[in-house]
Amino acid sequence: MIARKNTSFIGIMYFAGHHLIWLGLYMGLITVLYKVAGWTKLSIPWLPVSLIGTAVAFYLGFKSSQSYDRTWEARKIWGAIVNSSRSWGSLVNAYISNSNQTPAEIHAIKSRLIYRHIGWLYTLREQLLVPTPWEHVSLKGQFGKVNVQRREKFGVGLFTDYLTERQKRRYFADVEQLNGAVNKATQIIRIQAQDLAAQEENGNLAVLKHIEMQKILNCFYDEQGKAERIKRFPFPRQYANMSFIFTCIFIFLLPFGIVGEFAKLGGFSVWLTIPVGMLAGWIYIVMELVGDYSENPFEGLSTDIPMLSMCRTIEIDLLQMLGETEIPAPIQAKHDILL
Amino acid sequence: MIARKNTSFIGIMYFAGHHLIWLGLYMGLITVLYKVAGWTKLSIPWLPVSLIGTAVAFYLGFKSSQSYDRTWEARKIWGAIVNSSRSWGSLVNAYISNSNQTPAEIHAIKSRLIYRHIGWLYTLREQLLVPTPWEHVSLKGQFGKVNVQRREKFGVGLFTDYLTERQKRRYFADVEQLNGAVNKATQIIRIQAQDLAAQEENGNLAVLKHIEMQKILNCFYDEQGKAERIKRFPFPRQYANMSFIFTCIFIFLLPFGIVGEFAKLGGFSVWLTIPVGMLAGWIYIVMELVGDYSENPFEGLSTDIPMLSMCRTIEIDLLQMLGETEIPAPIQAKHDILL
Amino acid sequence: MIARKNTSFIGIMYFAGHHLIWLGLYMGLITVLYKVAGWTKLSIPWLPVSLIGTAVAFYLGFKSSQSYDRTWEARKIWGAIVNSSRSWGSLVNAYISNSNQTPAEIHAIKSRLIYRHIGWLYTLREQLLVPTPWEHVSLKGQFGKVNVQRREKFGVGLFTDYLTERQKRRYFADVEQLNGAVNKATQIIRIQAQDLAAQEENGNLAVLKHIEMQKILNCFYDEQGKAERIKRFPFPRQYANMSFIFTCIFIFLLPFGIVGEFAKLGGFSVWLTIPVGMLAGWIYIVMELVGDYSENPFEGLSTDIPMLSMCRTIEIDLLQMLGETEIPAPIQAKHDILL
Amino acid sequence: MIARKNTSFIGIMYFAGHHLIWLGLYMGLITVLYKVAGWTKLSIPWLPVSLIGTAVAFYLGFKSSQSYDRTWEARKIWGAIVNSSRSWGSLVNAYISNSNQTPAEIHAIKSRLIYRHIGWLYTLREQLLVPTPWEHVSLKGQFGKVNVQRREKFGVGLFTDYLTERQKRRYFADVEQLNGAVNKATQIIRIQAQDLAAQEENGNLAVLKHIEMQKILNCFYDEQGKAERIKRFPFPRQYANMSFIFTCIFIFLLPFGIVGEFAKLGGFSVWLTIPVGMLAGWIYIVMELVGDYSENPFEGLSTDIPMLSMCRTIEIDLLQMLGETEIPAPIQAKHDILL
Amino acid sequence: MIARKNTSFIGIMYFAGHHLIWLGLYMGLITVLYKVAGWTKLSIPWLPVSLIGTAVAFYLGFKSSQSYDRTWEARKIWGAIVNSSRSWGSLVNAYISNSNQTPAEIHAIKSRLIYRHIGWLYTLREQLLVPTPWEHVSLKGQFGKVNVQRREKFGVGLFTDYLTERQKRRYFADVEQLNGAVNKATQIIRIQAQDLAAQEENGNLAVLKHIEMQKILNCFYDEQGKAERIKRFPFPRQYANMSFIFTCIFIFLLPFGIVGEFAKLGGFSVWLTIPVGMLAGWIYIVMELVGDYSENPFEGLSTDIPMLSMCRTIEIDLLQMLGETEIPAPIQAKHDILL
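Chains A, B, C, D and E supply the protein sequences, listed in that same order. Each residue of the first sequence is one higher than the last, beginning at 1 in our numbering. Each residue of the second sequence is one higher than the last, beginning at 1 in our numbering. Each residue of the third sequence is one higher than the last, beginning at 1 in our numbering. Each residue of the fourth sequence is one higher than the last, beginning at 1 in our numbering. Each residue of the fifth sequence is one higher than the last, beginning at 1 in our numbering.
To be clear, the hints were calculated from the coordinates, so they are not data collected in a lab. For each residue, glycine too, the CB sits at the ideal point set by N, CA and C. Among the hints, a few may not be true.
Said to hold, decoys possible - To spell it out: a stretch of chain B is covered by chain A in this simulated footprint if at least three of its residues, at any positions, have a beta carbon under 8 Å from a beta carbon of chain A; those stretches are: (1) 34-46; (2) 115-126; (3) 245-252; (4) 325-334.
As the list claims (entries may be wrong) - With a straight-line cut-off of 25 Å between C-alpha atoms, the simulated SDA-like cross-links for lysine to any residue are: (5) A/LYS35 with E/SER269; (6) E/LYS215 with A/ALA37; (7) D/LYS41 with E/LYS41; (8) B/LYS140 with A/GLY28; (9) B/LYS41 with A/HIS335; (10) C/LYS215 with B/ILE211; (11) E/LYS140 with D/TYR14; (12) E/LYS334 with A/SER138; (13) E/LYS215 with B/GLU73; (14) D/LYS215 with E/ALA206; (15) D/LYS334 with E/PRO131; (16) E/LYS264 with A/LEU253; (17) E/LYS76 with A/LEU253; (18) C/LYS231 with B/ILE211; (19) A/LYS145 with E/ASP292; (20) B/LYS76 with C/CYS248; (21) E/LYS76 with B/GLU73; (22) A/LYS231 with E/LEU301; (23) E/LYS334 with E/ASP292.
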C-alpha cells in the first residue's frame with residue numbers, strides 16, 4: 001500500500017518512466033521514416049485509429065475496474081479477519097470460565113487460544129506471499145528480475161524481522177503437529193476446533209458458547225478461503241492478455257495515424273508526433289500497468305494490501321485484551337510503503 | 001455532508017474557483033504565444049487530444065464512481081451502527097432482568113451498558129477523525145494549510161462543544177481502564193463483553209440471551225473494523241495519482257489542440273481559446289476534485305458523512321429507551337453543513 | 001411509482017416540456033445574433049464542445065445510475081419489510097401459545113402484536129415523508145411551489161384518507177406512550193420488544209422462540225435505519241451539483257458550437273440550429289432531471305416508491321393471518337400513479 | 001429462457017425484423033425528399049447527431065444493464081427457492097421423528113409438508129404470471145395483441161397441462177382454507193407454520209428443530225417477496241420511457257445527419273443512406289427492445305426465466321427424497337424455449 | 001483456468017488466429033472491388049460507421065463484463081464450497097464424540113461422513129460438466145467439432161484418471177442408493193442429513209451440534225444450486241446473440257467506411273485498408289469471443305474454473321484432518337492449463 005497522497009515525479013518515473021524510452025524511439029522511428037526518409041505512404045487515416053483507441057479505452061477501463069475490485073476485495077477480506085479476530089479475543093475472554101479452575105489455569109487456556117490465533121495470522125500471510133506463475137516476480141528474464149528486486153527493495157523485503165524469537169515461540173507452539181500439512185493455516189484452525197472441544201469436555205466452555213466460538217472459527221475458514229481464491233485464481237488471463245494485446249495494437253497504429261495529421265500543419269510540426277504520441281501511448285500503457293499490478297494484491301510488492309501491518313494491529317489488540325503490557329510497536333510505513 | 005439542494009455560485013467558487021485562475025493564465029499564455037508572438041507552430045491537431053480527453057474522462061468516471069462508493073459505504077457502515085445500536089438498546093431493555101434484584105439495581109445495569117455504548121460511539125468518531133498521511137489536511141505547504149482552515153471553518157471545527165461535562169462523566173465512566181489502550185474503541189467493546197459475562201454469572205441474563213447480546217457486540221466490531229478499513233486504506237494511490245496525472249497531461253495538451261481550431265475561424269476568435277479552454281479544463285479538474293474529496297469520508301471536511309449527527313441520533317433514541325426525559329437536542333446543520 | 005408502460009406525450013410535456021421553452025429562446029437568441037445581427041464571431045469549433053458533451057454524458061450516466069440505485073434500494077428495503085412482516089405474522093401465530101390461557105386471551109395478544117406492527121408501518125411511512133432541505137418541495141420560489149402542487153396533485157395528496165377511525169384506534173392503541181418520542185417508529189419496536197419479554201414472563205412464549213421473534217424486531221430496526229439512511233443522506237451534493245453545472249456549461253456552449261456548422265450548409269439551414277439545439281439540450285436536461293427526481297424516493301411525488309400500497313399489502317396479509325374477514329381494499333393506482 | 005446458442009435469422013426477424021420496414025420507409029422518404037424532390041436543405045451536420053447518438057448509447061447501455069440485472073436477480077431468487085426447497089425436504093426427512101408413532105404416520109406428515117410445499121411453488125408461479133399494466137401483453141391495440149399471441153405460441157401457452165389431476169389433488173389438499181385469501185402463497189406458508197407448531201405440540205418435532213424449520217419458511221417468505229418486488233415494481237418508467245424517447249429522437253435525426261454525407265460522395269451513393277440508416281437505427285432499436293423485454297422476467301414470454309422447469313426440478317428432487325418412484329418427467333424445451 | 005501470465009503468440013493464434021483469415025479475405029475483397037474493379041461507389045462515409053462502432057463497443061463491454069461476472073461468481077461458489085468443506089471437516093472432528101463408543105467406531109463414523117462428502121464433490125463436478133445445448137461443444141458442424149477437440153486436448157480430456165479404484169470405493173460407498181436419482185448430488189446430501197440424524201439418535205451428536213452440522217449441509221445445497229444456476233441458465237441469449245449480430249454488422253460496414261479514407265491518401269495507401277481493417281475487426285471479434293467463452297465456466301474447456309484442482313485441494317485438507325498420511329498429490333497445470 002502506498003501511504004502518501006501524491007507520488008513524486010521520481011516515483012512515477014520509477015514505476016513507468018522506462019516505457020517513455022521505447023515509446024519515444026518508436027514514435028521517432030516512424031516520424032523519421034515519414035519525414036526524413038520520405039515514406040509518406042506510412043500514414044493512415046486517423047479516424048479508424050481513434051475508434052480502436054476508444055474501444056481499447058473501454059476495455060482498459062473494464063480491466064482497471066476489475067483489478068481495483070480484486071485489491072479492494074482483498075482488503076475487505078483482511079478487514080473481516082481483523083473484525084472476527086477481535087470477536088475471537090472478546091469471546092475467549094468472556095466465554096471461557098470455570099469456577100473449579102484457578103485463574104492462572106484459565107488464563108493459560110485463554111492465552112493459548114489467542115497465541116495460536118496470532119500464529120494462524122502470520123502463517124496465512126506467509127502462505128499468501130508464495131509466488132504464483134502469473135505474478136510479476138515469476139516473469140522470465142529481465143521483467144521478472146526487476147520485480148524480484150522491487151520486492152526486495154520496496155516490498156516485503158523491507159519488513160523481514162517482524163517477529164522476535166519470543167513471539168515465535170509463543171505463537172507457533174504446536175508447530176510440530178503441522179509437519180507435513182499441505183495447508184498449515186487450515187490445520188491450525190482444526191487444532192483450535194479440537195482445543196475448543198476439549199475445553200467443553202473439561203467444563204470450561206458451555207456447549208452453546210462452544211458452538212458460537214466454533215462459528216467464529218468457520219468465519220476464519222471463510223476468510224482464508226476467500227483470500228486464497230484471489231491468490232490462486234488470477235484475473236482470467238483471456239481478459240488480461242487481450243487487454244495487453246489491444247493496447248499493443250493501438251500503440252502500434254498510433255504514430256501512423258497521427259504523423260500525417262501533424263505533417264499537414266507543415267514544417268517543424270511533424271516532429272511533434274513524437275512527444276504527443278509518447279504521451280498518448282504512455283497513458284494507455286499506464287492504464288494497463290496500473291491494472292496489471294493491482295490485480296494481484298498478494299504479490300509482495302508496493303501495491304499489495306498491508307497484511308503485515310494488519311497482522312500486527314490484531315496482535316496488539318489481542319494482547320491488550322489478555323491484559324499484557326509488553327506490546328510490540330505498530331508497523332510503520334517505510335519509504336511511504338506500508339505492507 | 002452538504003445539506004442543501006443547490007450549492008450557491010459562491011460555494012462553487014470557494015470550492016474550485018481558484019482553479020479558473022491558473023487555467024486562465026495558462027490558456028492565455030498559449031494563446032498569446034500563438035497569436036501575438038506568432039508561434040503558430042505551437043498548434044497540434046485536435047483529434048489525438050480528443051482521444052486522450054475521452055480516455056481520461058473514462059478514468060475520471062471510474063475514480064468518481066469508486067470515490068462515491070467509499071462515501072456511500074461509509075454512510076452504510078454508520079447506518080448499520082445506528083441499527084445495531086437500537087437493537088442493543090432494545091435488547092438491554094428486554095433481556096436484562098432478575099426478580100431477585102430491585103428495579104433500581106436493574107436500571108443501573110441497563111444504564112451502564114447503554115452509557116458505555118454511547119461512549120464507544122463518540123470514541124470511535126474521534127478515532128476516525130485523526131488525520132492520515134494521504135488526507136487533504138496532511139498535504140504540505142499551502143494546500144494543507146487551506147484544508148486545515150476549511151476543517152476549522154466548515155468542518156469539524158464547527159462542532160466542538162457537543163458533549164457537556166455531565167454527558168462525558170456518564171459515557172466515559174471507565175476511562176481509566178483504557179489508559180494505554182492502542183485502540184480504545186476495541187477495548188470498550190471488550191469491557192462490554194466482560195460486563196455481559198458478569199451479568200450472566202449474577203443471574204441477570206440468561207445464557208441464550210447473553211449469546212444474542214454478544215452477537216450484537218460482534219456486529220459493533222464488524223462495523224468499527226469496516227469504518228477503519230475505509231479510513232486506513234486509501235483509494236489505491238496508483239489509481240488516484242494516475243488519474244490526476246492524466247488530467248494534467250490532458251489540460252497541458254488542451255490549448256495546443258484548440259488554439260489552431262479557433263484561429264481558423266479568423267480574427268478575434270482565437271481569443272475564445274481562453275474561455276472555452278478554461279471551461280473544458282475546469283470540468284475535468286472538478287471531476288477529479290470531487291472524486292478526490294469524496295474518497296476520504298472521515299476527513300473532518302464538509303464532504304464527510306455526518307458522524308456527529310448520527311452519534312447524537314443514537315444517543316437520543318437510547319436515552320429515550322431508558323425512559324430519560326432530559327434529552328440533548330439533535331445536531332443541526334451549520335452553514336448548510338451537517339457533520 | 002408510475003404504473004403504466006408508456007408515458008403519454010402530455011405526461012412528458014408536463015414533466016419536462018417547459019424546458020423546451022427556454023432552450024428554444026436561448027438557441028433562437030444565439031442564432032439571431034449570428035445570422036441577423038451578423039455576429040459570426042460567436043461561433044466556436046464543434047470539436048471541443050463535443051468532447052465536453054461526451055464527458056458530461058459520462059457524468060450524467062453516473063448520476064442516473066446512482067439515482068436509480070437509490071430508488072431500487074429503497075424498494076428493496078420496503079420489500080424486506082414486507083417479507084419480515086409476513087414472517088412476523090407467521091411467528092406470532094405459531095409461537096405464541098399457552099394451554100393455561102383461553103384462546104380468546106391468546107388471540108388478543110396476537111392481535112395486539114400484529115396491530116402494533118401495522119401501526120409501526122404507517123408511522124414509519126409518515127416519518128419518511130417529512131420533507132428534507134434538499135428535496136424538490138423544499139426548493140425556494142417557483143420551483144418549490146410547483147413541486148408542492150405536484151405533491152398534492154400527483155403525489156401523496158392523492159391518498160389522504162387511507163385509514164378509517166376504526167383502523168387508527170386499533171393500530172395506534174399505545175399512542176400516548178409515544179408522546180415526546182423523537183423517533184416514534186423506533187420506540188414502537190421497543191414497546192414490541194417489551195411486550196415479547198412480558199409474554200415470555202407470562203409463559204406464553206418459550207425463551208428460544210422469544211429470541212427468534214426479537215431477531216425479527218431487530219430486522220425491522222435494520223430496515224427502518226436503511227430507509228432513514230436514504231431519506232436523510234442525500235445523493236452527495238458535490239456530485240449532484242456538479243452534474244447540474246456541467247450540463248449548464250454544455251448547453252451554454254452548444255449553440256455556439258453548432259451554429260457555425262449549420263451556417264456552412266448555407267441559406268435557411270442556419271435556423272435548424274434552433275430545433276436541433278433544443279433536442280440535444282433537452283436530452284441532456286432530461287437525463288439530469290430523471291436522475292434528480294429518482295435520487296429521493298421518499299419525496300411524496302409520483303417517482304416515489306409505493307409505500308402506501310405496500311403498507312396496505314402487509315396489512316391485508318396480516319389481518320388474513322389473524323383470520324379476520326373484514327379486510328381493507330388494496331390501494332389502486334390513481335392517474336396511473338401508485339403510491 | 002431461450003435454450004440455444006444462436007438464434008436463427010428467422011428468429012431474429014420474428015423478434016425485431018418488422019422494425020426494418022418502417023426504418024426503411026422513413027430513411028427512404030428522407031432520401032427521396034433530398035435527392036428526388038431536391039430538398040437539400042433537409043440535411044443537418046453529422047456531428048451533433050453523433051453526439052446525441054453517443055449519449056443515447058450510454059443511456060441504452062444503462063437500461064440494458066439494469067434490465068439484465070432484473071432478469072438475473074429473478075433467476076437468483078428462483079435459484080434460492082430451489083436451494084431452500086432442497087433444504088426443506090432434507091430437514092423434513094431428518095427432523096420429523098417420533099418413536100411413539102408408526103413409520104406410516106410419520107411418513108404421512110412428511111408427505112403432507114412436502115406436498116404442500118410443492119403446492120406453494122406452483123401457486124407462486126401462477127401468481128407471478130398474472131399480467132401487470134406495464135407488461136407487453138397489457139399494451140393497447142396491435143402491440144398488445146401480438147404479445148398475447150406470442151405468450152400463447154412461444155410462451156406460457158406451450159406448457160398448459162403440466163399437472164395431472166392426481167398431482168393437483170396431492171399438492172392442493174388444503175385449497176378450501178385459501179378461499180378468499182388475497183395472496184394465496186403467503187397463506188400457504190402460514191399453514192405450514194401452523195402445521196409445524198402442531199408437530200411440535202404432538203412431540204414429533206423438537207423445539208430447536210422447529211425453530212430451524214420455521215427459519216426455512218421465513219426464507220420462502222423472503223424469496224416470494226423478492227420475486228413480487230420484481231413483478232410489481234417495474235423498471236422505473238421515468239428511465240424506461242426516456243430511453244425510448246431518446247432513441248426515437250436519435251432515429252428521427254439520423255437520416256438528416258447522414259444524407260448529406262452520402263450525397264457528398266456523389267451519384268448513386270446518396271441511396272446508401274437507406275441501408276446504412278436502417279442498420280444504424282435498427283441497432284439502437286434492438287438494444288432498446290432487448291432491454292424492454294428483459295426487464296420483466298415474469299411476463300410469460302420466451303425471455304422469461306424458466307419457472308415451470310424449476311418447479312418441476314424441485315418437485316422431482318423432493319419426491320425422490322420421500323422415496324417415491326413415480327416421478328414426473330423434467331420439463332423439456334419446446335421450440336428451443338424453456339419456461 | 002489459464003495458469004500463466006502472458007499467452008504466447010501461438011496461443012493467441014490458436015484461440016483466434018483463424019478469424020484473421022476471413023477478415024483478410026473480406027477486407028481484401030472490398031478493396032479489390034474498389035481499387036481494381038473501380039467500384040468506388042462502394043465507399044460510405046466513415047462517421048456513421050464510427051458511431052456504430054462506438055455503440056457496439058459499449059455493448060461488447062457490457063457482455064465482457066457480465067461474462068466475467070459469471071466466471072468470477074462460479075469461482076466464488078466453488079471457493080465457498082472449499083470453505084464450507086473445511087468447516088465440515090472441522091465440525092465432524094470436533095462434534096462427533098461418544099464416551100460409550102470406541103475411538104475406532106467414532107473414527108469410522110467420521111471417515112464415512114468425510115468420504116461421502118468427497119464423493120459429493122466429485123459427483124457435483126461431473127454433473128456440472130454435462131454439456132448444455134448452448135455450450136460450444138454442442139454447436140453444430142465444424143464449430144462444435146473443434147470445441148470437442150479442444151475439450152479433449154486442452155480441457156477436461158487432460159485429466160481423466162484422477163481417482164484410483166481405492167479412492168472411488170471409499171468415496172462412493174453408497175452408490176447403489178443413488179440408482180435412479182435424477183440429481184445424485186442432491187440425494188447424497190440427503191443421505192448425509194439422515195446419517196447425522198442417526199448419529200444424534202445413537203448419542204454420538206448433541207442436538208445443538210446436529211443442527212449446526214445440518215446448517216453446513218444446507219450451505220452445500222446453496223452452493224450446489226448456485227453452480228447449477230450458472231450452468232443451466234445461460235447468459236440470456238437475447239443479449240448474447242445481439243452482441244454477436246451487432247459485431248457482424250459493424251465488421252460488414254467497416255471496409256466500406258475506411259476504404260474511401262485510405263484511397264484519399266493516394267496510390268498504394270488504399271491497400272492498407274486490408275491490414276488496418278483486419279486489426280480493427282479482429283479486436284471486436286476477440287472482445288466478443290472472450291466474452292463468449294467466459295460466459296460458460298463449466299464447459300470443460302481451458303477457460304473453465306479449476307474444479308478438479310479444487311476438489312483435490314479439499315480432499316487433501318479433509319484427509320489430513322482425519323489424520324491420514326497417504327495423501328494424493330495436488331492437481332498440476334498441464335500445458336499451462338489448470339482444471
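Between E/LYS76 and A/LEU253, is the straight-line Cα distance small enough, at 25 Å or below? violated (39 Å)
Can the region 325-334 of chain B be counted as covered by chain A under the rule of three residues or more with Cβ-Cβ separation shorter than 8 Å? With 0 residues close enough to chain A, the hint is violated.
Holds or violated: are the alpha carbons of E/LYS140 and D/TYR14 at most 25 Å from each other? Holds, at about 22 Å.
Please verify the coverage claim for the region 34-46 of chain B: does it have three or more residues whose C-beta sits within 8 Å of some C-beta in chain A? Coverage by chain A holds here, the residue count being 4 at a Cβ distance below 8 Å.
Would you check the hint for E/LYS76 and B/GLU73, treating anything up to 25 Å between C-alpha atoms as holding? Holds, because 22 Å separates the two Cα atoms, which is no more than 25 Å.
Establish whether the coverage given for the region 245-252 of chain B by chain A is satisfied; the threshold is a Cβ-Cβ distance below 8 Å, and no fewer than three residues must meet it. Three-residue rule met by the region 245-252 of chain B, so holds; n is 3.
Going straight from one Cα to the other, do D/LYS215 and E/ALA206 come out at no more than 25 Å? Within the cut-off at roughly 20 Å; holds.
Quickly compare the C-alpha distance for D/LYS334 and E/PRO131 to 25 Å and report which way the hint goes. holds (18 Å)
Could you grab the alpha-carbon distance between E/LYS334 and A/SER138 and see if it respects the 25 Å cut-off? At roughly 18 Å apart (the allowed maximum being 25 Å), A/SER138 and E/LYS334 satisfy the hint.
Please verify whether E/LYS334 and E/ASP292 have alpha carbons no more than 25 Å apart. holds (23 Å)
Given the hinted pair A/LYS35 and E/SER269, is their alpha-carbon gap at most 25 Å? holds (17 Å)
Are the Cα positions of B/LYS140 and A/GLY28 separated by 25 Å at most? violated (39 Å)
Taken one by one, the earlier hints fail for this structure at numbers 2, 4, 6, 8, 9, 13, 17, 18, 19 and 20, listed in ascending order.
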